[in-house]
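Asks: Now for the letters of each chain:
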Amino acid sequence: METITLNHCLVLNGILFTLGLLGVLLNRRHLLMVLIAVEVMLLSVNLNLVSFSYFLKDYAGQVFTVFILTVAAAEAAIGLAILTLYYKNHGTINVSSATTLKG
Amino acid sequence: MFDLLISLAVFLPLAGFIVGSLFPERYKNNHAPLICTAFLGVSFVSTFLLAINLKFGQIHYTQLWTWFKIKNLRVDWGMLIDSLSLTMVLLVTFISTLVHIYSLGYMHNDHHKGKFFTLLSLFTFAMLLLVTAPNLLQLFVGWEGVGLASYLLIGFWYKKENPPTAAMKAFIVNRVGDVGLVAAIGFIFYIFSTVEFMPIFTKIAVSSYSKQTLHLFGNMPAFDLIGLCLLLAAMGKSAQFGLHTWLPDAMEGPTPVSALIHAATMVTAGIFLICRFSNLFELAPIAQIVMLIVGSVTALFAGYTALTQNDIKKVIAYSTCSQLGYMVMACAVSAYSVAIFHLVTHAFFKALLFLGAGSVIHAMSGEQDIRRMGGLHKSIPFTYIIMLIGSLAITGIPIFSGFFSKDAIIESLYNSHMPFSNAAFAIAIIVVILTAIYSWRLIFIIFHQEPHCDEQVSAHIHESPASMKIPLFILSIGAIFSGYIGKKCYLNEGLGFKWGNALMHIPLDHHNVPLFIKYLPLLISILGIMIAYVLYVTRRNIADYVMQKCSFLYKLSHNKFYIDELYDLVFVKPVKVLGLLLSKGDINIIDKFGPDGLASGIFKVSDCVKKTATGQVNHMILAFIFVLFLMFAYILCVPYLPIHLNFIGG
Numbered sequence: 001m002e003t004i005t006l007n008h009c010l011v012l013n014g015i016l017f018t019l020g021l022l023g024v025l026l027n028r029r030h031l032l033m034v035l036i037a038v039e040v041m042l043l044s045v046n047l048n049l050v051s052f053s054y055f056l057k058d059y060a061g062q063v064f065t066v067f068i069l070t071v072a073a074a075e076a077a078i079g080l081a082i083l084t085l086y087y088k089n090h091g092t093i094n095v096s097s098a099t100t101l102k103g
Numbered sequence: 001m002f003d004l005l006i007s008l009a010v011f012l013p014l015a016g017f018i019v020g021s022l023f024p025e026r027y028k029n030n031h032a033p034l035i036c037t038a039f040l041g042v043s044f045v046s047t048f049l050l051a052i053n054l055k056f057g058q059i060h061y062t063q064l065w066t067w068f069k070i071k072n073l074r075v076d077w078g079m080l081i082d083s084l085s086l087t088m089v090l091l092v093t094f095i096s097t098l099v100h101i102y103s104l105g106y107m108h109n110d111h112h113k114g115k116f117f118t119l120l121s122l123f124t125f126a127m128l129l130l131v132t133a134p135n136l137l138q139l140f141v142g143w144e145g146v147g148l149a150s151y152l153l154i155g156f157w158y159k160k161e162n163p164p165t166a167a168m169k170a171f172i173v174n175r176v177g178d179v180g181l182v183a184a185i186g187f188i189f190y191i192f193s194t195v196e197f198m199p200i201f202t203k204i205a206v207s208s209y210s211k212q213t214l215h216l217f218g219n220m221p222a223f224d225l226i227g228l229c230l231l232l233a234a235m236g237k238s239a240q241f242g243l244h245t246w247l248p249d250a251m252e253g254p255t256p257v258s259a260l261i262h263a264a265t266m267v268t269a270g271i272f273l274i275c276r277f278s279n280l281f282e283l284a285p286i287a288q289i290v291m292l293i294v295g296s297v298t299a300l301f302a303g304y305t306a307l308t309q310n311d312i313k314k315v316i317a318y319s320t321c322s323q324l325g326y327m328v329m330a331c332a333v334s335a336y337s338v339a340i341f342h343l344v345t346h347a348f349f350k351a352l353l354f355l356g357a358g359s360v361i362h363a364m365s366g367e368q369d370i371r372r373m374g375g376l377h378k379s380i381p382f383t384y385i386i387m388l389i390g391s392l393a394i395t396g397i398p399i400f401s402g403f404f405s406k407d408a409i410i411e412s413l414y415n416s417h418m419p420f421s422n423a424a425f426a427i428a429i430i431v432v433i434l435t436a437i438y439s440w441r442l443i444f445i446i447f448h449q450e451p452h453c454d455e456q457v458s459a460h461i462h463e464s465p466a467s468m469k470i471p472l473f474i475l476s477i478g479a480i481f482s483g484y485i486g487k488k489c490y491l492n493e494g495l496g497f498k499w500g501n502a503l504m505h506i507p508l509d510h511h512n513v514p515l516f517i518k519y520l521p522l523l524i525s526i527l528g529i530m531i532a533y534v535l536y537v538t539r540r541n542i543a544d545y546v547m548q549k550c551s552f553l554y555k556l557s558h559n560k561f562y563i564d565e566l567y568d569l570v571f572v573k574p575v576k577v578l579g580l581l582l583s584k585g586d587i588n589i590i591d592k593f594g595p596d597g598l599a600s601g602i603f604k605v606s607d608c609v610k611k612t613a614t615g616q617v618n619h620m621i622l623a624f625i626f627v628l629f630l631m632f633a634y635i636l637c638v639p640y641l642p643i644h645l646n647f648i649g650g
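Taken in order, these protein sequences are the chains called A and B. The numbering of the first sequence is the working numbering, which starts it at 1 and goes up by one. The numbering of the second sequence is the working numbering, which starts it at 1 and goes up by one.
Do not take every clue at face value.
What the hints assert, rightly or not - Examples of chain B residues lying across from chain A (beta carbon under 10 Å, computed):
1) T614
2) G615
3) I621
4) I625
Calculated from the structure, these hints are not laboratory results. We put the beta carbon where it would ideally sit given N, CA and C, even for glycine.
All chains should be built: construct the whole structure from the sequences, respecting the hints.
Replies: Next up, the structure:
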C-alpha cells in the first residue's frame, strides 16, 4: 500500500479546479450552477493550501484557509443576493440571457 | 488738449460700437441707438472744438502706441491731423451724426435697430481711423474696416433676397481695389523704406527717389507705378468706371447707410487717398493721364446711365458715381483742393438727396420705383423743398453749393495743359447737362406728374417724423452755404484756413478764364433743367418718342452698358464652373480617401471588434482565463527568451 504523497494531493486539487473551471465555462443554464462551480474552484485552492501546509509542516497555511472560508461564505452570500435580485428583475436565472454587455 | 480732443473724436464711435454691442439682445434696441448717437454727437463736438483751436496749416501728430517693430520698421497707432484730415474728420463726424439722428426715425420699427446703430458707429470709426492715419498700414486697417462695415450694413436686411448678394458684391469688388493699395504699400516701402507719411512726403521731393525705376512688365518710373496702384485702390473705393458695379447695388442697404456711404464714409476714401499722395502724383505724369481718363469715362458713363434708371436710389447712386468722376478729374489736373472742395459740398447735397429720397420712400410705404410715384409736392411739401434744394445744389445753380465747386472743377479743367484735358473739359460740360436732366427728371416725375400709385399707398402718404426732418433741415443749410464758405476756405485760403503741406494747393487763376467759359456751365445747367421740364412735364410723348427712335442708346443706358452681364460672363460664370469642378474633385478624391474614407474604415473595423463582445458571461471568463494563461506562459518562458523580449526584468 502506497502512502499518500504531496503529488497525489496536487493532482486531486488540479482535477477539482479544472472541474470547477469547466463548470463555469461550459454551464449555459443556471446562474446557481456557476456559483457552485466557483465555490468548487475556491475549495480546491483551499485544499491545495492545506496540502502544502501539511506536507511542509507549516500550519500558517491551515490558519489562512480558515480565514478564506469565512470570506468565501460572505462572497457566496453576496452571490446569492445578486442571483435573487437578478431573478426578481428578469424572471429567470438563465446564464445565456444575461447579455446586457453585448456590443 | 489736442491729443484728448482728437482721441475722443476718433474713439468715441468705437466706444459706441462696443458699448452698444455689449447690451443683451433684449435691451439693445432700446439703448444702443441713443448711446451710439450721443457718442457720435460728442465726437463731432470735440472735432469742432479741435478745429476752432487748432491753427490750420500746421501738422499735429498724436502718437498712441507702437503696433509692431521689425528691425528698423516701426509702425505706430496714431493720429495725424492736418488741414486735409481735419476737413475729413469734421465732415465724417458731422454727416454721420446727422445720419444717426435720421436713422432714429427711419429705422424706428426695425427689429434689429440696435445692431444697425452699432454698425453705423463702427463704419464711422473705420473711416475716422482711415483719414487720421499717420502711416499707410493704419490707413489700410481703416480702409478694410470701412469695407467690412459696408458689407455688414449693405447686407443688413439679410433675410431679403438681394441685400446679401449686393453686400458680397461690394466686398469682392472692393478687394480688387485693395490689391492696388497693398501693391502700392509694398512699392512705397521698397522705394522709401518707411510707411510713415511724414518721411515719405519729405523724401518724395528728393530727386534721387523720383528718378528710380521699378521693373514690372518692363521698366517703369517708380512714382508712376505707385501712382497707378494708388489709383486702382481709389477706383475700387470711389467706384470709378470698371470697379463701380458695387455702388448701385449697395442701394439694397437701408437708406441712411446709402447716404453715409455716398456722402462721407466710403466713396470719399479714394479721393482722400489721391489727395494724400498729391505730391507723388505731381511727379507721376502717366498716372495723372490715366486718372484723367478714368475720371472722365466714369463721369460720362454714370451720368448717361443715371438718365434712364427707374429706382430713385439708383439714379442718385449713379449721380454719385458721376460726381466722383468729377473729383478724380480735378485731382488729375492737379486741382486737389478743388476736388476736396467738391467732395465737401457733394457730401452735403448728396446726403441731403439720399435722406430726402429716404423720406420719399418712407412716405410711399417702401416704394422705390419712380414710375409708381408722382404728384407728391402737395402731400409732402417739406420733403419736396428738401429734394429741390438738393437738386439745385447738384445742378450748380448760383447760391447753392454745387455751383461753386463744379465751376471750380470746370475752370481748372479749362486751365490745364495736360494731354486730353480739352476732351476732359468737353466731357465735363456734357456731364453738366446730363446732371441737370437726371436730377430734375427725378424731381419732375416724383413730385409733379400725376400720381401713379395705388389707393392703399396714396391713402397712407405722410410727412416724416421730426427726427428725420431736423437732419434734413441742417443738411439743407449745409447744401446751400457750404459752397460759398468752402470757396473762401479751400480755394482762396481765407477765413483762417490754410492747406499748409497737407496737399498740393494751386490757387485758381480766374483771369485766364473767359467770361463765356465762366457762365457756360450755368447756361448748360438751366438748359438741362428746361429739357427735363419739357420731357417729363409738358411734352411727355417726346421722351417716349426719343426712347423708341434711339432704342439702342436707351437700352445701353437702361442696362448700365451691360457691364454687370459682361462681368457675370467673364468672371463670375467661369469661377463658378471652376469651383464646381474643384468641388467634384474634393468630394470624389480628397473626401473619399481622406476624412470620409478614414471614418468609414473605422466603422468597419469597429463592427468586426464588436462581434467578439457577445455579452455572454462564459465568453468573458474564457477571455480572462486565456489572457491569464498567456501571462503565465510568458513568465515561464522568460528565461529562454532573447533579452530584448524580457519586459518583466529579473
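Asks: Against this structure, judge whether each hint is valid.
Replies: Consistency of the hints with the structure:
no. : hint : result
1   : T614 : 6 Å, holds
2   : G615 : 3 Å, holds
3   : I621 : 6 Å, holds
4   : I625 : 7 Å, holds
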